[in-house]
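Enquirer: Sequence:
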Amino acid sequence: MTDMPAAQSYTMTARVLHWTTAILVLTNLPLGLVIAENWGGPLQDPLYNLHRSIGALVIPIILLRFAYRATHPAPPLPDDIPPLQQRAAHATHWALYALLIVQPFLGWIGTSAYPAPIVVFGLFQLPPLWWEDRDFSNEVLLVHSLVALAIAVLLAAHIGAALYHQFVRKDGILTRMTSG
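Start counting the sequence shown at -3; every next residue gets the next number (my numbering).
Worth flagging that the hints you see were computed from the coordinates, not collected in a lab. No experiment lies behind these values; they were computed from the predicted model shown. We put the CB at the ideal spot given by N, CA and C, even for glycine. Each hint can be trusted.
Pairwise CB distance ranges, derived in the manner of DEER restraints:
1. 152 <-> 174: 14 to 24 Å
2. 134 <-> 159: 34 to 44 Å
3. 117 <-> 34: 17 to 27 Å
4. 79 <-> 142: 27 to 37 Å
5. 159 <-> 86: 13 to 23 Å
My request is simple: use the sequences and hints to build the entire structure.
Expert: What follows is the structure, encoded as structure tokens:
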């Protein structure tokens, strides 16, 4: 098992979009847990604002990433990876795309119904997507929490698979997304 040739790597654009998304999501998941459990203390409101701002930023980035991926397919996986693992990799990637598109809109709708403003990094306010309805807000934000859990599980599988390829198989799969 050797490193993949450079031609099999992701493009620089794909790598930048991937790592930008990763940083935002891996910041927002624990931040969401902190605010949901009211662990923020005197920083609770600024942490909510940061969580909402990052969520708002995820929307255009994930939509751009999805559009880019639709027009620039991922390099093929090596033929020696069993078909079941290849299908699992594809399913995990597409499930992450779907959930990362849905998740910030759930947060936006739930916050709108609460109602609470979404001021993006103190620069501008997003318009509400729903009218005030606290019961509906609670339900949507519960789904938002469950989707966050699903994203966390998929990310753990994705990261675990990347590390498996890097340190066990030593097949260059991780290198395709780190250095090309």
